[in-house]
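**Q** Below are the chains, spelled out letter by letter.
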Amino acid sequence: MKKFIIEIFAIVLTAGALVALLDARRVFAQEEGNNHTGKRWYYLYKYGKQKKNAIDVLVLGNSHAYTGLLPEVLSEQLGRRTFILASQGNRITDSYYMLEEALTVCHPKLLVIETYTIRDYQQRKMRGVDLSCQFQSFENRRNVWLKLKSTPVLFSADNAPYAWSQTLRNHSYLFDNPALVAYNLEHPGAPVYKDTDYLGRFVRFTSGLEEPVLERYRKEGPPEDGARMTVGADAARSTAKILRLCRKKGIRVMFLTIPMYHEHIAHPEALHANLAPVIGNMPWLDLQDPAYNGIFGPECFENTYKENQHQTSTGAYKTSLLLARFIETNHF
Amino acid sequence: MLFNSFSYALFLPLVFLLYWLPVFKSRRRDYQNVVLLLSSYVFYSAWDWRFALLIAFTSLSSYWTALRIDAGEGAASKRWAALNIAVNIAILAYFKYAGFFVDSFVALLRLLGWNGTPIALNIILPVGISFYTFQALGYTVDVYRRRIQPSRMALRFFAFVSFFPQLVAGPIERAERLLPQFDEKRKFNYAQAVEGICLILWGLALKLLLADRVAVYVDAAWKGVDGISGAPALLAVLFFAFQLYADFYAYSEIARGSAKLFGMELMVNFRRPYLSTSFKEFWKRWHISLSSWFADYVYIPLGGNRKGAARRFLNVFIVFLLSGLWHGASWTFVAWGFLCALFMVALDGPMGRIGGLKPLKTAVVFGLWALSLILFRAPDFSSAVKMFSALGFGGSSALTAFGLGRSELIFACLLIVLLALQEVLWERRGAQIASKFLRLPPAVRVLIGIAAVLLLVLLGHYGIGNDSRFIYFQF
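For the record, the sequence lines run as chains A and B. So for the first sequence, the numbering used here puts the first residue at 1; every next one is plus one. So for the second sequence, the numbering used here puts the first residue at 1; every next one is plus one.
Everything labelled a hint here was simulated from the structure, so no lab data went into it. Heads up, a few of these hints could be off.
[What the hints assert, rightly or not] Below, simulated DSS-like cross-link-like pairs (lysine-lysine); rule was C-alpha separation at most 30 Å, straight line:
(1) B:358 <-> A:2
(2) A:3 <-> B:187
(3) A:3 <-> B:185
(4) A:109 <-> A:248
(5) A:194 <-> A:109
(6) A:125 <-> B:223
(7) B:187 <-> A:2
(8) B:223 <-> A:2
(9) A:3 <-> A:125
(10) A:149 <-> A:219
(11) B:436 <-> A:2
(12) B:187 <-> B:358
(13) B:307 <-> B:223
(14) A:3 <-> B:358
(15) A:46 <-> A:149
(16) A:306 <-> B:284
(17) A:3 <-> B:284
(18) A:194 <-> A:147
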């Protein structure tokens, strides 16, 4: 029996070590050209090494946060460094663990949570694009212990190995994308970021809504319905965990709803009502409120009728100014 | 919990360690059976906990009625046997065939001019219900025929019905063979465990390297059945024959391998069927546990080949029609069963009279089998007809339009050639190769094991979003 177990251990450990080696050398890493999540963690750690209180305002969120805010504008308006720690498709459960790791390297005074991460989802049952986004976010985190701790919460037993190993996840590159494997073999190791300063911004959209999409709004009505944008148990639990953690660490918290075009979303009041129980009496800047419709015109939004609409740089600029004013009047 | 999932990779070693823990030495056998029973229910509940209630009911009813059958004489015994068979068939009929019967009945009424809206039945098909129901049925019949004594230990019987390695897709074990193994105190056997690991790795290789890879092509081809024609259709048909074989053979080998880790032996379910030179031989090599179940419990009781040629043909058709229906609640499966019976009845005689030409006969058997599988794979008759009429040799430039790129397509074909070579080699020297492998120094075996795992990791077709279920789970 002992001999058998030793042999099996030898096989599993050696094979596991070889896979880990392939992972460490990033042989099956995906294209790194656009990995702004990795870049955010790189700079967060860099700032953290410079000074523990190098970041004053930390924004948590997903693509809505990094396309809908200009941290440079915020930093300038507030006179304090603002950093966006967001990853594409993030949910608030993941944001909690991102925050936990961020707090090991920095101690912000204010945490801003973008509310698009607070949705109805079942964290361990994610599939498709949502799961891929979750992998991407997880992969870029650096604290191994915190990653281990969060694994059972973020992933099912069947998905966890994929979260940890690019080799398991992307081994099909051998057939689908051998050129990338060859490139990775020639360029091992983590990517190098050359910016002198980076605060997490990633504005992708410059032109606003155009006539064909506006015409669809008129003809088909809004593609999103605030009444359907409910908050699930996982999201509510994770939001509460973030609030507890911040209370314990003495960090003030506020919520921010970055808007979509007012004709893009029906019943914004229902969305507000869905989020309200989770947010409670915390400060909340809800820019989806119809009172702001006049500020955010078609030029502020990505030209899409798809459900998930982001802001243009114009929209992000306006949102940043409004947020800065809100922070000034309510927090600092 | 699939055999090819990470959760099974955690579950199996955990159960293995618990099973062989050196505890309860005086009641070792019961301890091991408790571990197997609990782990089997955990395994089955991973799909849906309600399924566990169903299997518990099947086990309880078979256990209890077997005791009544044994205690009774003549007519009383027969009544209990009939009752249990009726209960088991009723459960199977409800969960697996209710929708089919209702749909067929509605279709018939529509033909007669009825235009109403039928009630929608949303019945979930419990995974593996056909397998464990047949196993329980076989037990009841064997007790009734006095071939075996009924089990008087509920724990052992429940563990026998729910034994997780073969629970959801067989092999459909005979009580005569498997049940006594639960009565024995099992001791760890190194050679048996090594053989078990080899079978698991072999099964995973068949599933991950071949079955799931060609499945991509087959699924894409059937999805685009309206537009497919020529060589791509032919390749889809050939690929499906190998997908089905590799997939089900893989499951059976992993099941056997897993059982060996617990000191248990399950029957061999496949014996290189694609080397058969007749259909009769094919069915002695393919899904052996089901073929022999139908032979023992349907064909022979119907008279087998003892009552003349006409009756034999009729019996063959009955068995294959039932076998078709067993595979799936659909008329396409019934038609597939009919075709299989037809091949056996019409072709085996003439082919047997021709001496020699073994490779040609093998090719004929395989070719016709692959064609018959169009009915097995088709969602409906019109799709099957489209696929049949699309077969040809032209349009090879479109081969890469069905989910697999050129290099992966070549790799899949290479794997099929390797599998064929392995089958021929194994047919001739299988036992010798296996015993030579077991005699290799442990270090060499470990190195081979590492290479095999890495091969699976790097070249296996798996990942998020892949449909990696075993085909026979749906039956």
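**Q** None of the hints should be skipped; say for each whether it holds.
**A** Each hint, compared with the structure:
{"no.": "1", "hint": "B:358 <-> A:2", "in the structure": "48 Å, violated"}
{"no.": "2", "hint": "A:3 <-> B:187", "in the structure": "15 Å, holds"}
{"no.": "3", "hint": "A:3 <-> B:185", "in the structure": "21 Å, holds"}
{"no.": "4", "hint": "A:109 <-> A:248", "in the structure": "13 Å, holds"}
{"no.": "5", "hint": "A:194 <-> A:109", "in the structure": "28 Å, holds"}
{"no.": "6", "hint": "A:125 <-> B:223", "in the structure": "27 Å, holds"}
{"no.": "7", "hint": "B:187 <-> A:2", "in the structure": "14 Å, holds"}
{"no.": "8", "hint": "B:223 <-> A:2", "in the structure": "50 Å, violated"}
{"no.": "9", "hint": "A:3 <-> A:125", "in the structure": "39 Å, violated"}
{"no.": "10", "hint": "A:149 <-> A:219", "in the structure": "49 Å, violated"}
{"no.": "11", "hint": "B:436 <-> A:2", "in the structure": "22 Å, holds"}
{"no.": "12", "hint": "B:187 <-> B:358", "in the structure": "44 Å, violated"}
{"no.": "13", "hint": "B:307 <-> B:223", "in the structure": "46 Å, violated"}
{"no.": "14", "hint": "A:3 <-> B:358", "in the structure": "45 Å, violated"}
{"no.": "15", "hint": "A:46 <-> A:149", "in the structure": "23 Å, holds"}
{"no.": "16", "hint": "A:306 <-> B:284", "in the structure": "57 Å, violated"}
{"no.": "17", "hint": "A:3 <-> B:284", "in the structure": "38 Å, violated"}
{"no.": "18", "hint": "A:194 <-> A:147", "in the structure": "26 Å, holds"}
Violation of the numbered hints given earlier is confined to hints 1, 8, 9, 10, 12, 13, 14, 16 and 17; the remaining hints are satisfied by the structure.
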